[in-house]
Amino acid sequence: MTASSPNLLFGTIDEARTALADGSITSTALTQSVFDHIEAIEADVHAFIRLDRSNAMEAAKEADQRREQGATLGPLDGIPISIKDQIVTKGLETTAGSKILSGYIPPYDATVVQRLKKAGAIILGKNNQDEFAMGSSTEYSAYGATSNPYDLSRVPGGSSGGSAAAVAAGAGFASLGTDTGGSIRQPAAFCGVVGVKPTYGRVSRFGSIAFASSLDQIGPITRTVRDAAHMLQAIGGPDPRDSTCRDTPMPDLLSSLEDGAKGLRIGIVKEAFEPDGLDPEISSRVMETANQLAAAGAELVPVSIPSLPHAIAAYYLTATAEASSNLARYDGVRYGQRADIGDVRKANLVDMYNQTRSEGFGPEVKRRILLGTYALSAGYYDAFYVKAQRVRTLIGRDFQRAFQQCDALCLPTSPVAPFAQGERTADPLQMYLADIYTIACNLARVCAVSVPAGLDASGLPVGVQFICNHMQEPMLLRVARACEVQTGGYNPPTPIQGLSAEGG
Amino acid sequence: MSRYAMESILERWEPVIGLEVHAQLKTRTKIFCGCPTNFGGEPNTHVCPVCLGHPGTLPVLNQSAVKMAIATGLGLHCTVTTESVFARKNYFYPDLPKGYQISQFDKPICTEGWLEIVLPERTFRAGIERVHMEEDAGKNLHDAQTGLSQVDFNRTGVPLVEIVGKPDLHSAEEAMAYLKELRNILRYLDVCDGNLEEGSFRCDANVSIRPSGTEPLGTRVEIKNINSFRNVGRALGYEIRRQARALESGDAIVLETRLFDADTGQTQSMRSKEESADYRYFPDPDLLPLRLDQTIIEEVRSTLPPLPEDVRSRFNEQYGLRPYDIAVLTDEKDLALFYEEIVTSGADALAASKWVQTEVLGRLSGDKLTVSDCPVPPERIARLLTHQSEGRITGKMAKDIFEKMWREDADPDKEVEQIGGVISDDADLRRICGEIATQFPDETAQFLAGKTKVLGFLMGQLMRQTKGKADPKKASKLLRETLEAIGTEGK
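Going down the list, the protein sequences come from chains G and F.
At position 331 of the first sequence the residue is numbered 517 (the working numbering), and the sequence of numbers has no breaks.
At position 441 of the second sequence the residue is numbered 435 (the working numbering), and the sequence of numbers has no breaks.
Don't read these hints as lab results, they were simulated from the structure.
Errors might be hidden in some of the hints.
[Claimed, not checked] Stretch by stretch, here's where chain F covers chain G in the computed footprint (C-beta under 8 Å, at least three residues):
1. 337 to 343
2. 425 to 434
3. 492 to 502
4. 506 to 515
5. 553 to 564
6. 592 to 599
7. 644 to 657
Beta carbons: idealized from backbone N, C-alpha and C, even for Gly.
All chains should be modelled from the sequences, with the hints used to inform the complete structure.
Given below as structure tokens:
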């Protein structure tokens, strides 16, 4: 890091761009300093499953060469970022946080990775996560837990906890996460950064290791809303390799970004402030943020999503059912881990399956495969899966009704503050219930964002969530930016600044 | 049990048979990825991350497979549904890389149709319950020498339609006729090559029996692993007898799947219903429901080639062919087309029918060729037949010329010109007849003495000396006249 930019590691993509453009830093130097920073903090944070130093440095060199030749590609050219391990990277081991995929080297790049590479972004490595994106704390990783940069004894949220912790800790300017029921937004809220779950079908899922195909969506985790816009702009839009990806081209996300709060109708979801489990400090912080937006010219509208309380049940049936099928391919036959079954000529196929899957999957994944298998079984399908789809339809309708009255819904991202590691793993149901605010928009396929809304009394980040209708990402980011202006957005975490020699 | 006793048992029981056929669609690429579909190829060379089920990959539906499935439905008089859904059939097997097969389940692409079955004694319609699209699985290979099992995924993701027939068939013969007609229809539609050996046309049979003259269906047994038309007959014949014998001796039929063993000609129990897997079908969230608007259905309908039944009725109405000839000529699409081209090139329809059945088919089977490999094009056959019908050559000559056309690629016009064609000029023939009478005075005398049978000998001599070129009708008439004239002169 050069002396002229002591805080660039915690800065924005645009600040890095400026530094690259005015020659005060090269991409090579920037990337190297990020790796140095990661080295300094990684033992405490553990945001990465693996780093890809040599390829990253090579890509940075190429970005510098392009810049010298005046052929810079765009806002992300030369910018170091990271990718959740759920997203496949050609030639770079990809495990989805699971032992069963250890050693798996993908033969192709996910569409989003391809697009980021084409935009010149430097891929530092793969972020830690809950195994197969199943979890809300990144404690269910086969490769160890990630810590929250604001309090190392606490969880960063999940499942994209490695992505959120890396970005919060200054280990790269952005990361891609995946969000099936809140896996981008909840860790973003826990780590005081911005996390966007785009509309289902806005970003190609090709290369996103499937957890629940009808709910999964890739999105950016960044320190600022503007950075999220840069990332989403690069990764979104039609992809012929994903039939569920919409044909609509990605609109310009930056042009309306600074349009402000004036004239916005912000829906305050009644049901969101009712649950017993809602931390009062979070509740009041979210309301305070809404009031700040109102003071800045927005109109607050009370709205209702009556089906919201049923979202958890509908979600955990749909997601586990799809997961039970999506995870069937990890059978030890073709790739990834196969259990040692002795002499294969004497071994039995079913034993190979059983042992491979017993050893390869962690407890939360097994729990969900069992739940999902049950939900799809003969005699239970109608009562569980089909009924869950009906509830899903109702939730979608409730959202549509709400969006007739407002431009964006406002609610907490998580009902609780980042909890201590080990605090909730013993009680899976408690963990599931904490997804209450995030899962409904996956079911309704709408877009949502978590924006940092300052710290609570214990110095832990609080996130406020906005939800907009299908394909309304320009509006979503405008609202998020208006909020960021009010709350001040991202603040570098103190514990990390203490760890990193260069950070302070 | 004696043969007689068995046959009388069979009179007391009526078989009820429904067939399920898996037909491979003739698309260039697989149903959900761009890999080639050609048969053969080194193991695992027609594969990609998508059909190998790599993490993160997604299926994209091949639109040409959809069009072929629509054509299949239309060819079977089905309703093409405007919305069908791909589902996942979940089960573990090494040849199934995703751990599920993408198949249509409760919302297939086509429903409710029929096909026409022509038997010697009757023609009837057999119902089609549904046609649905699905992907094929790979192939497990077991090496007895090494004791290892390997998987070839070349076939994984090859597009199939499953055609589920209604239980409208009541004998092994009807079942075979159904299969032949179905295969023929698919070949007429050009959606499946119908190759049983390469597995592009595979059949499972559901069989039950019930007391003759009663309505309620008996317990059904599914027979798998039938891989030739002949084996369909053998498997069904065995199974019908097995069930009849069991019921006659007071045993119950178990709802089960049985495998046909071509070596023993018997069926063996594979698994009972209780052991059958719960496939946990649910709509595949990676694929949107397949919505077809009327435009695409009509587009396929408008380009639909003629079906066997259309060709059959045309051959009857336009060409006046008899049912037997129609059956032979329409049995293969290529043969029907071949025949029809001879007719449209100017040959007489009946003569062409006879020629194709006696000359062409015989030579093809002798040379182990298919119609599409026939060395003589239909248009040349038409010219040859025209020469014959217009009297320039005799039937014998036509056959000889055809032999040259077959072996040496000869042109019929040139051949006819070269041999000079038929001797049909009255003066020429009279001269020849006179010469014959002179050469065979004894026979001539015998004839004149009333032994008219000797005319055949003289006629034979005439044909031999003219190398078969004499117009036989005319020559025979003139020979008689010539001989009679000699007799008159002699008196």
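Checked hints:
1. 337 to 343: violated (count 0)
2. 425 to 434: holds (count 5)
3. 492 to 502: Not satisfied, violated; 0 residues make the cut.
4. 506 to 515: It holds, with 7 qualifying residues against the three required.
5. 553 to 564: n = 4 at 8 Å, threshold three: holds.
6. 592 to 599: Our answer is that it is violated, as 0 residues pass the Cβ test (under 8 Å) against chain F, missing three.
7. 644 to 657: violated (count 0)
In summary, the structure is inconsistent with hints 1, 3, 6 and 7 from the numbered list given earlier, while agreeing with the others.
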